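> In the order they appear, the protein sequences are chains A and B.
Heads up: the first sequence begins at 1 in the numbering used here, then just goes up one per residue.
Heads up: the second sequence begins at 115 in the numbering used here, then just goes up one per residue.
It should be emphasised that the hints constitute simulated quantities derived from the structure, not laboratory data.
Remember, predicted model here, so these are calculated numbers, not experimental data.
Among the hints, a few may not be true.
[Unchecked claim] Partial selection, computed: residues in chain A whose CB lies under 7 Å from chain B:
| no. | residue |
| --- | --- |
| 1 | LEU18 |
| 2 | GLN42 |
| 3 | GLY43 |
| 4 | LEU48 |
| 5 | THR51 |
| 6 | ALA54 |
| 7 | LYS94 |
| 8 | LYS101 |
| 9 | PHE104 |
| 10 | ALA106 |
| 11 | GLY107 |
Think of the CB as a built atom: it goes at the ideal place given N, C-alpha and C, for glycine as much as any other residue.
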Amino acid sequence: AQSVTQLGSHVSVSEGALVLLRCNYSSSVPPYLFWYVQYPNQGLQLLLKYTTGATLVKGINGFEAEFKKSETSFHLTKPSAHMSDAAEYFCAVKGTGGYNKLIFGAGTRLAVHP
Amino acid sequence: DGGITQSPKYLFRKEGQNVTLSCEQNLNHDAMYWYRQDPGQGLRLIYYSQIVNDFQKGDIAEGYSVSREKKESFPLTVTSAQKNPTAFYLCASSIPGQGYTGELFFGEGSRLTVL
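Kindly produce the complete structure, drawing on both the sequences and the hints.
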């Protein structure tokens with residue numbers, strides 16, 4: 001069965017520092033992988049997704065993620081954090097089965113301090 | 115603009131009362147979903163519907179009910195049988211079928227608090 005593990009429920013960085021949010025997955029088939037962002041009391045917004053092709057995926061707001069099959073990872077990065085990046089981030093993998101649901105990690109809350 | 119509208123944004127309920135959360139979409143998507151979000155637990159699937167007049171239980175359906183009478187609408191009722199209903203509820207939609215990547219489109223959520 002598919003599963004997603006996000007390492008670190010809370011990550012804190014300084015403004016201008018590198019952002020690295022970790023995601024590892026398990027999947028019995030080639031995975032479709034996603035990162036979503038959620039601001040307080042709002043819904044989830046798609047940051048980026050990997051389906052097939054290039055393993056380095058660029059998303060909105062300067063974020064990118066690299067699919068590494070050998071490491072079963074899909075870590076999210078941004079070279080320079082901005083105060084507006086403070087939010088919760090969810091990694092997800094497409095499941096298998098009749099309705100192909102998304103399976104979400106527990107989330108990582110990113111804090112950005114001056 | 116196309117999107118998913120959830121209402122109400124905030125809702126308070128007394129124990130023993132049923133409440134219904136509304137979800138309407140104008141994206142012309144066939145599939146709709148309800149998720150529950152609790153701190154530190156990610157999103158858990160309550161119910162989903164792939165077509166009108168059909169829906170299936172997700173991972174945590176006990177104490178909830180849904181209907182899908184129209185393509186655009188997928189209301190969720192939180193019944194008095196739900197033991198711990200205080201949570202943030204998210205509605206989503208997608209385009210199923212061959213080639214479907216799994217991408218979901220989300221509404222803004224409804225926060226239910228039981229007093």
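> Decide, hint by hint, whether the structure agrees.
Structure-based check of all given hints:
Violation of the interface hint for LEU18 of chain A is found here, the shortest Cβ-Cβ separation to chain B being roughly 25 Å, above the 7 Å cut-off. Among the interface hints, the one on GLN42 of chain A holds; its C-beta lies about 6 Å from the nearest C-beta in chain B, closer than the 7 Å criterion. At about 4 Å, the closest approach between the beta carbon of GLY43 of chain A and any beta carbon in chain B falls short of 7 Å, and the interface hint on this residue holds. Taken as an interface hint, LEU48 of chain A does not check out: its beta carbon lies about 11 Å from the nearest beta carbon of chain B, beyond 7 Å.
A hinted interface residue such as THR51 of chain A counts as satisfied when its beta carbon comes closer than 7 Å to some beta carbon of chain B; here the least separation is about 5 Å, so the hint holds. Taking 7 Å as the C-beta cut-off, the interface hint given for ALA54 of chain A is violated, the closest approach to chain B being about 15 Å. Hint status for LYS94 of chain A relative to chain B: holds, with the closest Cβ pair at about 3 Å, below 7 Å. Given hint, LYS101 of chain A at the interface with chain B, holds; its Cβ is 6 Å from that chain's nearest Cβ, closer than 7 Å.
The interface hint given for PHE104 of chain A is met, as the beta carbon of that residue sits about 4 Å from the closest beta carbon of chain B, less than 7 Å. A least Cβ separation of about 4 Å between ALA106 of chain A and chain B falls short of the 7 Å threshold, and the interface hint therefore holds. Because the smallest distance between the Cβ of GLY107 of chain A and any Cβ of chain B comes to about 6 Å, under 7 Å, the interface hint for this residue holds.
Of the numbered hints listed earlier, those contradicted by the structure are 1, 4, 6.
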